[in-house]
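Student: Taken in order, these protein sequences are the chains called A and B.
For what it's worth, the numbering used here labels the leading residue of the first sequence as 1, then goes sequentially.
For what it's worth, the numbering used here labels the leading residue of the second sequence as 1, then goes sequentially.
Hint data in this document are derived by calculation from the structure and do not stem from the laboratory.
This one's a predicted model, so the numbers in the text were calculated from it and none came from an experiment.
Worth double-checking, as some hints may not be accurate.
[Said to hold, decoys possible] Have a look at the derived ranges for each label pair, beta carbon to beta carbon:
1. Ala225/B - Thr209/A: 39 to 45 Å
2. Arg160/B - Asn113/A: 27 to 33 Å
3. Gly61/B - Leu162/A: 47 to 53 Å
4. Ser11/A - Arg211/B: 54 to 60 Å
5. Asp218/B - Leu198/A: 19 to 25 Å
6. Gln29/A - Gln193/B: 47 to 53 Å
Beta carbons are placed, not taken as given, at the ideal position from N, Cα and C, and that holds for glycine.
2 protein chains.
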Amino acid sequence: MRALEQYDVLSDEERDALRALPLRTRLLQKNEEIIREGDRPTHSCLLVAGFAARTQNLEDGKRQITNLHAPGDFVDLHSLLLKRMDHNVIAFSDCEVAFIPHGALRELIDRHNHLSRLLWVTTLVDAAIDRAWITCLGRRPAIDHLAHFICELFTRLKGRGLNDGNSILFGATQVELGDILGMSTVHVNRTIQDLRKLGLIDWEAGRVTIRDFDRLADRAGFDPAYLNQWVEPR
Amino acid sequence: MRALEQYDVLSDEERDALRALPLRTRLLQKNEEIIREGDRPTHSCLLVAGFAARTQNLEDGKRQITNLHAPGDFVDLHSLLLKRMDHNVIAFSDCEVAFIPHGALRELIDRHNHLSRLLWVTTLVDAAIDRAWITCLGRRPAIDHLAHFICELFTRLKGRGLNDGNSILFGATQVELGDILGMSTVHVNRTIQDLRKLGLIDWEAGRVTIRDFDRLADRAGFDPAYLNQWVEPR
DNA sequence: CGATAGCTTGACTCACGTCAAGCCCGGTGG
DNA sequence: CCACCGGGCTTGACGTGAGTCAAGCTATCG
Chain A
1 MRALEQYDVL SDEERDALRA LPLRTRLLQK NEEIIREGDR PTHSCLLVAG
51 FAARTQNLED GKRQITNLHA PGDFVDLHSL LLKRMDHNVI AFSDCEVAFI
101 PHGALRELID RHNHLSRLLW VTTLVDAAID RAWITCLGRR PAIDHLAHFI
151 CELFTRLKGR GLNDGNSILF GATQVELGDI LGMSTVHVNR TIQDLRKLGL
201 IDWEAGRVTI RDFDRLADRA GFDPAYLNQW VEPR
Chain B
1 MRALEQYDVL SDEERDALRA LPLRTRLLQK NEEIIREGDR PTHSCLLVAG
51 FAARTQNLED GKRQITNLHA PGDFVDLHSL LLKRMDHNVI AFSDCEVAFI
101 PHGALRELID RHNHLSRLLW VTTLVDAAID RAWITCLGRR PAIDHLAHFI
151 CELFTRLKGR GLNDGNSILF GATQVELGDI LGMSTVHVNR TIQDLRKLGL
201 IDWEAGRVTI RDFDRLADRA GFDPAYLNQW VEPR
C-alpha cells in the first residue's frame with residue numbers, strides 16, 4: 001500500500017480492497033528461485049522484506065541482473081498479463097514474499113480502475129528504471145555507472161523509508177554487483193575503490209554510506225525524475 | 001488494432017471503441033522530435049508509419065537509444081499515467097503519427113477492462129525488450145549483440161507483416177546503430193562486416209537481409225518468447 | 001584449525017574506442 | 001556538364017578501459 005501511495009492517494013475503499021486480497025506468505029533464503037523462466041505462474045509475488053532480482057542466464061554461464069526489487073514491489077505482476085515468464089526471479093537476500101492468486105488480482109483490477117492504473121504505474125516505473133540501466137550500460141564508464149546505481153538504489157529505498165540516514169543496508173557481493181552492472185568482479189572491486197578514494201562513498205560489510213550525495217549524483221548524471229516518486233492524480 | 005491482436009482477440013465492440021478514438025495525424029521528418037524529456041503530454045502518440053526511437057542524451061553529448069518502435073506501437077502510452085516524460089522520442093525515419101487525447105484514452109481504458117489490459121500488455125512487452133537489451137549490453141560481445149538486435153527487429157516487424165521475405169527495410173546509419181547498441185561507429189562498421197563475412201546477413205542501402213536466420217539466432221542466443229507474439233486470453 | 005567465501009592486488013591481454021584519412025555517392029549550384 | 005560539398009561508409013594505426021588469470025589476504029564458520 002505504501003508503495004502505491006508513492007504515486008497517488010488511495011481511497012478508504014481501495015485500501016479495504018487491497019487488505020482483502022488473499023495472501024500466502026513465505027520465507028526464502030538468499031539465492032532461492034522465486035520464479036523460473038518459462039513458468040506460467042498462477043500467483044503474483046509481492047516482496048515483503050529483503051531484496052529480489054530479475055536475472056537472465058546466458059548459454060555460456062554468464063548472468064545479467066535486469067532489475068532489483070525492494071520491499072513493497074511486485075516482482076512479477078506482469079505475469080498476470082504476459083502469462084509466461086521470460087526471465088528468472090531470485091531471492092537476492094533472505095526475504096519474505098507474499099503470493100496473491102491471479103484470480104484475485106484480476107478481480108481487483110477489473111473492479112477498481114484507479115487501483116488498476118496504479119499497478120500499471122508500478123510496471124511503468126520498472127520500465128523507466130530499465131531505460132536508465134540501458135543508458136548506463138551503453139554510454140557511461142564504469143565509475144559513473146556504479147555511482148548512478150548507488151544513487152538510484154538509495155533514492156528508491158529512501159522513497160520507502162528504508163534508508164538509515166545516508167546509509168543503506170545492501171548485502172550484495174562484488175560478484176553480484178558485477179552481474180548488475182555488466183562488469184567483471186575485479187573491475188567492480190577497483191571501481192568501488194575509486195569511488196572511495198574520491199570520498200564519495202563508504203562500502204563495508206553490506207552497508208553503503210553516501211558521503212556526498214550531490215557530488216555522487218553529479219558524477220553519475222543522476223536525475224531522480226524517472227523514478228516518479230511524487231503523488232499525483234493518475 | 002493489428003498490434004493488439006498479436007496478443008489476444010478483440011470483440012466487435014472493442015474494435016468499434018478503438019475506431020471511435022479521435023485521431024489527429026501528422027507527418028514528421030526524420031530526426032524531428034516527437035516528445036521531449038520533461039514534457040507533460042496531453043496526447044499519446046501512435047506510430048502509423050516509419051520508425052521512432054526513444055533516446056536519452058548525456059551531459060557530454062553522447063546519446064543512447066533505449067527502444068525502437070514500429071508502425072502500430074504506441075510511442076508514449078506511459079505518459080498517460082506517468083505524466084512527465086523522462087526521455088525523448090524522435091522520428092527515426094520519416095514517419096506518420098496519430099495523436100490521441102489522454103482524455104479519450106482514459107475513458108477507453110475505464111470502460112473496457114480487456115482493452116485496458118491489452119494496452120498494458122504492450123507496455124509490458126516494451127519492458128521485456130528493455131530487459132533483453134540490458135542483457136545484451138551487459139554480457140554479450142558486440143557481434144552477438146548486433147546479431148540479437150537484428151533477430152529482434154526482424155521478428156518484431158514480421159509480427160506486423162512488415163518484413164519482405166528475409167529482408168527488412170531499415171534505414172539506420174551506422175552512427176545511429178551505435179546509439180542503439182552502445183558502441184562506437186567504427187566498431188559498428190567492423191561488426192557488420194564480421195556478420196557479412198560469416199554469411200549471416202547482407203546490409204546495404206537501408207535493406208537488411210538475413211541469410212540464415214537459424215544460425216544468426218543461434219549465435220545471438222535469441223529466443224523470441226519475450227516478444228509475446230501469440231494470441232492468448234489476457 | 002582447516003575450509004570456504006569474499007575481497008584485494010598485480011601482470012598481462014584484448015575488445016573496443018579514438019583519431020585521422022580516404023572513398024563513394026547523391027545533391028546543389030554555377 | 002562539371003566542380004564542389006557533405007554525409008555516410010571504410011580502413012589503418014594506435015590508445016585504453018575493462019576482462020582474465022592467478023595469487024594472497026581476511027573473516028567467518030564448523
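Student: Against this structure, judge whether each hint is valid.
Tutor: Hints, one by one, checked against the model:
1. Ala225/B - Thr209/A: 39 to 45 Å: Holds - the Cβ-Cβ distance for alanine 225/B and threonine 209/A, about 41 Å, lies within 39 to 45 Å.
2. Arg160/B - Asn113/A: 27 to 33 Å: 30 Å, holds
3. Gly61/B - Leu162/A: 47 to 53 Å: Cβ of glycine 61/B to Cβ of leucine 162/A: about 36 Å, so the range 47 to 53 Å is violated.
4. Ser11/A - Arg211/B: 54 to 60 Å: At roughly 58 Å between Cβ atoms, arginine 211/B and serine 11/A fall inside 54 to 60 Å, so the hint holds.
5. Asp218/B - Leu198/A: 19 to 25 Å: Violated, since aspartate 218/B and leucine 198/A (Cβ atoms, about 44 Å apart) do not stay within the stated range.
6. Gln29/A - Gln193/B: 47 to 53 Å: At 48 Å between Cβs, range holds.
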